[in-house]
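There are 2 protein chains.
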Amino acid sequence: MTKWVYNFGAGVNDGNASLRNLLGGKGANLAEMASINLPVPPGFTITTEVCTAYYDNDRNYPAELKAQVDAALARIEEAVGRKFGDKDKPLLVSVRSGARVSMPGMMDTVLNLGLNDVTVLGLAAGSGDARFAWDSYRRFIQMYGSVVLGVDHHRFEEIIEHVKLDADVIEDTALTPEHWQRVVEGYKAMVAEEIGKPFPQDPQDQLWGAIGAVFGSWMNPRANVYRRLHDIPANWGTAVNVQAMVFGNMGEDCATGVCFTRDPSTGLNEFYGEYLVNAQGEDVVAGIRTPRPLSQVYAKPGEVSMEAALPEAYAELKNVRSILEKHYKDMQDIEFTVQQNKLYMLQTRSGKRSAAASLRIAVEMAEEGLIDRNTAVMRVNPAALDQLLHPTLDPKAAKTQFAKGLPASPGAASGAVVFSADEAELRAQKGESVILVRIETSPEDIHGMHAARGVLTTRGGMTSHAAVVARGMGRPCVAGAGSISIDYGAQTLSANGVTIRAGEILTIDGATGEVFAGSVKMIEPQLSGDFGTLMGWADEIRRLKVRTNAETPLDAETARKFGAEGIGLCRTEHMFFDPQRIGAVRQMIMAKDEAGRRTALAKLLPFQREDFVSLFKIMEGLPVTIRLLDPPLHEFLPHGEAELKEVADALGMDAATIKERAEELSEANPMLGHRGCRLGVTYPEIYEMQARAIFEAAVEVSKTAKAPVPEIMIPLVGTKRELDITRAQVERMAKAVFEETGKTVEYSIGTMIELPRAALTADQIAESADFFSFGTNDLTQTVFGLSRDDAGKFLPAYVEQGILPKDPFVSIDVDGVGGLVRIAAEKGRAKKPNLKLGICGEHGGDPASIAFCESVGLDYVSCSPYRVPVARLAAAQAAIEAKETHFRDK
Amino acid sequence: MTKWVYNFGAGVNDGNASLRNLLGGKGANLAEMASINLPVPPGFTITTEVCTAYYDNDRNYPAELKAQVDAALARIEEAVGRKFGDKDKPLLVSVRSGARVSMPGMMDTVLNLGLNDVTVLGLAAGSGDARFAWDSYRRFIQMYGSVVLGVDHHRFEEIIEHVKLDADVIEDTALTPEHWQRVVEGYKAMVAEEIGKPFPQDPQDQLWGAIGAVFGSWMNPRANVYRRLHDIPANWGTAVNVQAMVFGNMGEDCATGVCFTRDPSTGLNEFYGEYLVNAQGEDVVAGIRTPRPLSQVYAKPGEVSMEAALPEAYAELKNVRSILEKHYKDMQDIEFTVQQNKLYMLQTRSGKRSAAASLRIAVEMAEEGLIDRNTAVMRVNPAALDQLLHPTLDPKAAKTQFAKGLPASPGAASGAVVFSADEAELRAQKGESVILVRIETSPEDIHGMHAARGVLTTRGGMTSHAAVVARGMGRPCVAGAGSISIDYGAQTLSANGVTIRAGEILTIDGATGEVFAGSVKMIEPQLSGDFGTLMGWADEIRRLKVRTNAETPLDAETARKFGAEGIGLCRTEHMFFDPQRIGAVRQMIMAKDEAGRRTALAKLLPFQREDFVSLFKIMEGLPVTIRLLDPPLHEFLPHGEAELKEVADALGMDAATIKERAEELSEANPMLGHRGCRLGVTYPEIYEMQARAIFEAAVEVSKTAKAPVPEIMIPLVGTKRELDITRAQVERMAKAVFEETGKTVEYSIGTMIELPRAALTADQIAESADFFSFGTNDLTQTVFGLSRDDAGKFLPAYVEQGILPKDPFVSIDVDGVGGLVRIAAEKGRAKKPNLKLGICGEHGGDPASIAFCESVGLDYVSCSPYRVPVARLAAAQAAIEAKETHFRDK
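If you're matching them up, the sequences are chains A and B in order. Take the first sequence: its position 742, counting from 1, is numbered 742 in the UniProt record's numbering, and each next residue is one higher. Take the second sequence: its position 787, counting from 1, is numbered 787 in the UniProt record's numbering, and each next residue is one higher.
Calculated from the structure, these hints are not laboratory results. Don't take each hint at face value.
Which copy? The list can't say, so a pair holds if one copy fits it or any two copies do.
Claimed, not checked - Lysine-lysine pairs mimicking DSSO-like chemistry, simulated, CA-CA at most 27 Å apart: (1) Lys706 to Lys617; (2) Lys831 to Lys806; (3) Lys793 to Lys592; (4) Lys561 to Lys703; (5) Lys793 to Lys659; (6) Lys603 to Lys743; (7) Lys883 to Lys832; (8) Lys300 to Lys318; (9) Lys592 to Lys603.
Please put together the full structure from these sequences, using the hints given.
Structure (structure tokens):
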């Protein structure tokens, strides 16, 4: 018989932390904590396999489940000496979801389950606190009503407001047990009206309703969005945890809190968290009351820390902190409740942290000897590094502070104010920078938070939804800026008499919590010593070299600063669009014959030479891969009538002639047209000019600086013969320049592998190539038959529906595109064992793709400058994983 | 030491027929004929390796060549008892090219080499015929002058005309030795003036000049064009044959001729050829004098056949005919010369023949027991069958005979008159049918002959250039229609007082030699019994099934008549363009939502169902592969403003809305856009309608006729998931229709493999597919990154320059596209051993591609109706070759 239910706590722990896939993160860690004797209220976990079986079997549970749940419940009853539905000593439970990876705010929780019109009296009598009992009951109806029964949560709030008005009180805490009882009556009547039947009184009905809601929420739209954004397969499923309730809301010696074993924002090795006295867990994260700091060190004047208020429980918690870090060897995110001064642990998990914190924690834990360097390197998400590398506000810049909130996620951002997630997405798609401004955020806003440059909320703390999600995404966030009032209807936000409208520019600094009107000057990121330390470790570990894609001196310098080991892709056509040059380019295109083209190209030569001189100087002897002209010629011609006329005047031709030529050059499928080396074959003079510029520049630089190593790359080769022809063009120029100048520089000639045919005939092509560089952007287009320009119409839906696991332009399609890369690498190396292999598509900066590149044995990846550190770290992680796989397979 | 020179004749035969690659066809067969004791004048062959070495070594000969040529020449001198350059008994030689395959008219020949101002006197004295000697000398100067020295041949003709005018004679034969001597003086003076130095007198200079000219002509533009059209690699090279001259122009007991062992036009087993008394070989082919028939059976009243005129030599020749056919087991094309009643063999080779003749000869030779059936099947060029399948003139049609010529190449054709090859090509590219009309054709005209539907000449016989080339190409040709006069300047042709202008329609019947003004009604081809016999043999041999690509009843019926074994590709979108339907299609595209689309699709359903009903009935239980909608939706929308307005009115919408939708749907690269199964995923209702139409039709037909076997094909699948989704759509419809009608039919669901990714992940896709059909058109586009619509700008140049051996859209690229097909076939079959595999790109009718399909183990090919017999024969040949390879490899 399949074991569907796993016990934990009170001496029986069926599971442990290693069963995360089966029990979910929460369930596995509850069992683990209980097994190392931490105070965990007893409970049980319904496995993720039940979730999978439930969906596979048309939303029906396995037959044996009921009996196993009953047995597990009986064990809890016995352990705590209470009975489910008992009128005197009722057992109350929480029902919580818990997936394999933490999905904050995505899944639903029900507390105080087991309360009904009868047991509430038993709870009141047993605790001697009627107010607590009725408050718990109304909380239960409210949570169960909205989560399980689907009643709008505003309906509940209205009823409380009415009771408060009637009672003439302002704070919830001023309500009496009788008031709460009236709230409960109101709730029950309203729910019955909404759902057409009474609120369930049978604790068993309540329990199965809650379990069903948890499983049901696994497939709700916001969970689907979260999974898509975080690459979580739908078939992982969620577990359900049922656990005896403990109460943080039984009085002033009770509390509930959420904390991190180190500061999740900075990584500082201080106990960091928030708590609320006399409250239940949801109160902290919901942001309804503003929580207080856990440790004295984080307390501001006037704030009472838990360290001060509940010193005994705090000390116990601090001890748990130390045990957990030593046990898990990672920073933990903990939930706890203090019931009448006794500490209970409700959750531990690896804590989400900002990129800066993840860096600092990894480095410090390694230096503390808690983890080794490989582990430290594996701990930092390369994709998250990105945020450390982006500009912060210039402290010297003039700024107008508009408001201040909590520094919820570091980094600074400027953008136009938008008030809805949809609009944020819409405008971001058009290339606009936007700041999403919300009273508070909810899972429905995730896509907008992803699209925005930064997020600003007026409610909620450091562990509010906005703060947690923004940190995970690496978006700057200022949370709980309470002095700001938002009017969604008027589309304005106001503070201190100043009003900012939708569309106006706002700047936030997630490191300080400051909000500024208008845009503020940014400065280059200051990389911490931890960054350098970790990168140093990564560099020692990795095998893959990391180069950059760069055409401009600025990009090349940035990339060097970030550790690029050369240029892997210099797209020479970018240099053609410069206003000083485009005229000559167009003259070349319009020329009637080769002589005319050569005349025009001669004008371009000095520009191209200067381009290469400056790149070679910046790269100081490192390899520089220069791709010769790639796009079809029509891309350089104007489109609009007005521009056409302008160009015609500039060239001294009539517009009709230019239009005619543009039409002659236009293509049905330019992606598959007359471009790349096909241009080199048709117009040898173009590549000859470019080759001459490269060699003249190399010779010039070599006179005064370290000789550069130009690697000349022929694009869009499909047959060996194309490479032979264009290679000969380049070699002729090398010979000519070396003879003219009496000086020789080393160089090599290779090709992009960006057509399936090139990959399939890589053995033939390798005979004429010194290196291959995989152009996986174009390869993805041809392998999928998918135009990047047109895919927007259906590709997002494809990813959402799981037809494709990921956008293949973002992360390499290992089976298809990767299959061809592998074929080409094997065929190429079989013919020429020392063939240099690299990748220069945008996949070169994507960690998953870099892991693939490691597995295929490429020599280097090349990516945009800001991705260079990402790639260095990802390459190190790939090397570690490759070694582990290697040992595992031995 | 490399042997560069091979002797033949006079008892020393270094080579034989098997050395064709080394000695060229002519040299190998001269050695072979000599070795079986046929009368071959002695000579030697300079190998094709010399040609290759010559081009590899910057047009220089191997060092040892001179000595080897000298030795071989000395052997000839000894054999014939004459010496090169001897004033009394001069040896004269012919110098002829001879490539591995015969290239008629492409290479150059020099006769009578060795004559000069001194040896001409020896020749005159020795032969006792001064007229013959001076005529030979002037012929030599003329040929050598034009071929080796590059003097325009008109310059020579002018001089003869002058002498004739002076002598007041009309026929060349009326000229005396002195007149010819004067011609020689005129020639020498003119040549000296043209080339700036005297005509070479040293026979050694003459010889090396001629050898150089042969090798040089290998790379001349017309040779390059011929090779390109006939897929002959440039690196095969040509040999040079140097042979002692024999003379057909020494008097009335001399003759020269060209003949075929069977009739090359019909295949009739009769000795067929032409000869001229007192002439040299070039006179026959040049068409200067009209030759006479060889055999009495072909002689018209008044014509003197060789059988009658030179009965002894004829009898000897007839004996040779029999020996050669038995020896070579094929129809031979023979050149001979009779010198003073003695027969000399100058060439034998496999004779070019019309498709009809090749069929008849193959079948008859097999029935005679000369060859076996496999050989017979291998003998017929599948591509040439095409011409047998095209219409001929309706004998009952009213026609106006304009003129009559020789029936030089069978088949009938109508088209607009053009007078130049360039124009023929230009207009044919625009889709016009043209007839190329020339006084005579030359190798410069080949591209125009290829482009034209038919060829008409006013000069030359059945072995003239026009006749030979047209037969080879399968173009109808009427040659030597002498009653027609052509005025190139006025762009007219006239006969019997009627004038036809360029652009007017002309009809020729290559089977009768008739020429008609205007167009004439054509009738379906009458396939001979030989056709059926050979096809029957082919069908017994082949393993590959042959299906057709057809959407219309007419195409389906034609294909069935040609032996199609089902439909391999029915492109349903072709059915959408019908005027009755396009309105509903556009309504569907313009619909705002799914409901609107379903309404429009409901209108299409009955049409689609009727389409399938008629196809199923015609196919009588054979498989019918139906591809669901493939092209992007914008292809169905109008483009021009006027059409847009019309459509808007018809749909009751405003033009702006339609234009907006068209723009919304427009794509940068439609080939890589929102099409194929991507439409099925986005708009399930489209495939559902099509699937319903298929199943309803299948059920309906199965009630009264043999149940059809629909194979439903999903296009453009790139991932298994896409196939899963669309497969489910189809299966739902099958279930629905079977339930509604209470009747079930067999069906299968498969996919096109037309994207590299589909091929690379074929193992995954095979799990959900009952069959694969390789869409090699699209696969070629994606594998090469080459848009078929745009490739015209450079692809022809690529083929001409040898960057690609062939147009990959015509013949499958075995290394690239074929490599993927192989991967997909292997992966698919590995997962599902009984997976049915076919091909439905246009390659399915290309013999070379069919051979590839056989080698990969596909189950069937599918091609256009008229290619079905071609495919059946090619499939048989592929099977034979596969078996031979198999045995060879054992």
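Now the hints, each set against the structure:
Taking the shortest alpha-carbon separations for Lys706 and Lys617, only the intra-copy value of 8 Å comes in at or below 27 Å, while the best inter-copy value is 79 Å. Proximity of Lys831 to Lys806 under the C-alpha cut-off of 27 Å is restricted to the inter-copy arrangement: shortest distance 25 Å between copies versus 34 Å within a copy. Taking the shortest Cα distances, Lys793 and Lys592 sit within 27 Å of each other only across copies (16 Å), while inside one copy they are farther apart (40 Å). Within a single copy, Lys561 and Lys703 get their C-alpha atoms as close as 25 Å, which meets the 27 Å cut-off; across copies the closest is 78 Å, which misses it.
In this assembly of identical chains, the alpha carbons of Lys793 and Lys659 lie at most 27 Å apart only when taken from different copies (18 Å versus 30 Å within one copy). Taking CA atoms no more than 27 Å apart as the test, Lys603 paired with Lys743 passes inside one copy only; the shortest distance there is 24 Å, against 76 Å between copies. Taking CA atoms no more than 27 Å apart as the test, Lys883 paired with Lys832 passes inside one copy only; the shortest distance there is 25 Å, against 35 Å between copies. When the C-alpha separation of Lys300 and Lys318 is checked against a cutoff of 27 Å, the pair qualifies only within one copy, where the shortest distance is 20 Å, while the shortest distance between copies is 121 Å.
Taking identical chains as interchangeable, the C-alpha atoms of Lys592 and Lys603 lie at most 27 Å apart only when both belong to the same chain, with a minimum of 17 Å there against 54 Å between chains.
Checked against the numbered hints given earlier, this structure breaks none of them.
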